[in-house]
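K.L.:
Sequence:
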Amino acid sequence: MGYQSGDVSLAESSIVEKMIAIYRMLSDEVRELNSMIREFDISQSLLVEKRYERVRKIKNDIEGESLNLMEYFVKVAEYISSRELYATIIESTMRISEDLEASAYRLYLVNKLGSRVPDKIFAILSEVSRRAITMVDLLSDMLRNIGNEKVVRSLYVEIAKLEDSIDEFYREGGLECVKTYGGSPESLVLKEALDKLEEAADTAKRVATYIWFLSSFK
Numbered sequence: 327m328g329y330q331s332g333d334v335s336l337a338e339s340s341i342v343e344k345m346i347a348i349y350r351m352l353s354d355e356v357r358e359l360n361s362m363i364r365e366f367d368i369s370q371s372l373l374v375e376k377r378y379e380r381v382r383k384i385k386n387d388i389e390g391e392s393l394n395l396m397e398y399f400v401k402v403a404e405y406i407s408s409r410e411l412y413a414t415i416i417e418s419t420m421r422i423s424e425d426l427e428a429s430a431y432r433l434y435l436v437n438k439l440g441s442r443v444p445d446k447i448f449a450i451l452s453e454v455s456r457r458a459i460t461m462v463d464l465l466s467d468m469l470r471n472i473g474n475e476k477v478v479r480s481l482y483v484e485i486a487k488l489e490d491s492i493d494e495f496y497r498e499g500g501l502e503c504v505k506t507y508g509g510s511p512e513s514l515v516l517k518e519a520l521d522k523l524e525e526a527a528d529t530a531k532r533v534a535t536y537i538w539f540l541s542s543f544k
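Residues 327 to 544, numbered by our numbering, are exactly what the sequence shown covers, in order.
Honestly, I wouldn't trust all of these hints.
[What the hints assert, rightly or not] Distance ranges between label pairs, derived from CB positions:
1) Leu501 to Arg409: 37 to 47 Å
2) Pro511 to Arg409: 39 to 49 Å
3) Glu397 to Arg470: 18 to 28 Å
4) Ser542 to Leu336: 14 to 24 Å
5) Met396 to Glu475: 23 to 33 Å
What the hints contain is simulated information worked out from the structure, not anything from laboratory work.
C-beta: ideal position from N, C-alpha, C; glycine also.
Please model the entire structure based on the sequences and the hints provided.
P.N.:
Structure representation (structure tokens):
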């Protein structure tokens, strides 16, 4: 028996609500990462380790909820015209979470090495993570306003600007890592931490594009 149009609308609404819930979790994850960076700066080694464990747990929870959502999505996808966009958003959201956790793990490794992050690199990491928080929150706002293309487009523009600014910090941070540490293990690991944050921001911008497309089709 096929789905009626009302059933399809209800299914899409349910998918969006579940994605909003996942983005609340993603917001918690990136905030934990930001707190981890702050505690790193004040040399709170044990707190850094605890923060990383929280980041990893949230990432695992997001993965579980995303897989549950994907299972539900598969059941109704045949009747949803924008199914490819929804599937890509779900998959990309998991990727953002994975990259945030990967960045946190590399900072955890630097902490284990007992290295102090120079002030300039710390400032860059802190600023990038703060902007990542804003990007995640804006993605959640886009989902909540998915029926209003004008609002969604405005939010997309904000996200695009944030991603551009993160790219600038990323380039500056990479150069600082090389200038400060040369080819040391600390340099490589810190650079990878920045890489993962930048990749998360890139993916977030792509998700914003997909949500904008979805909103345009409604």
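K.L.:
If a hint holds in the structure, say so; if it doesn't, say that too.
P.N.:
Hints and how they fare:
Between Leu501 and Arg409 the C-beta distance comes to about 43 Å, which sits within the given range of 37 to 47 Å. About 45 Å separates the C-beta atoms of Pro511 and Arg409, a value consistent with the hinted range of 39 to 49 Å. Remark: the range hint 18 to 28 Å for Glu397 to Arg470 is upheld by a beta-carbon distance near 24 Å. Taking the beta carbon of each, Ser542 and Leu336 are about 21 Å apart, inside 14 to 24 Å as hinted.
Taking 23 to 33 Å as the suggested C-beta distance range, the pair Met396 and Glu475 conforms, at roughly 26 Å.
Checked against the numbered hints above, the structure breaks none of them.
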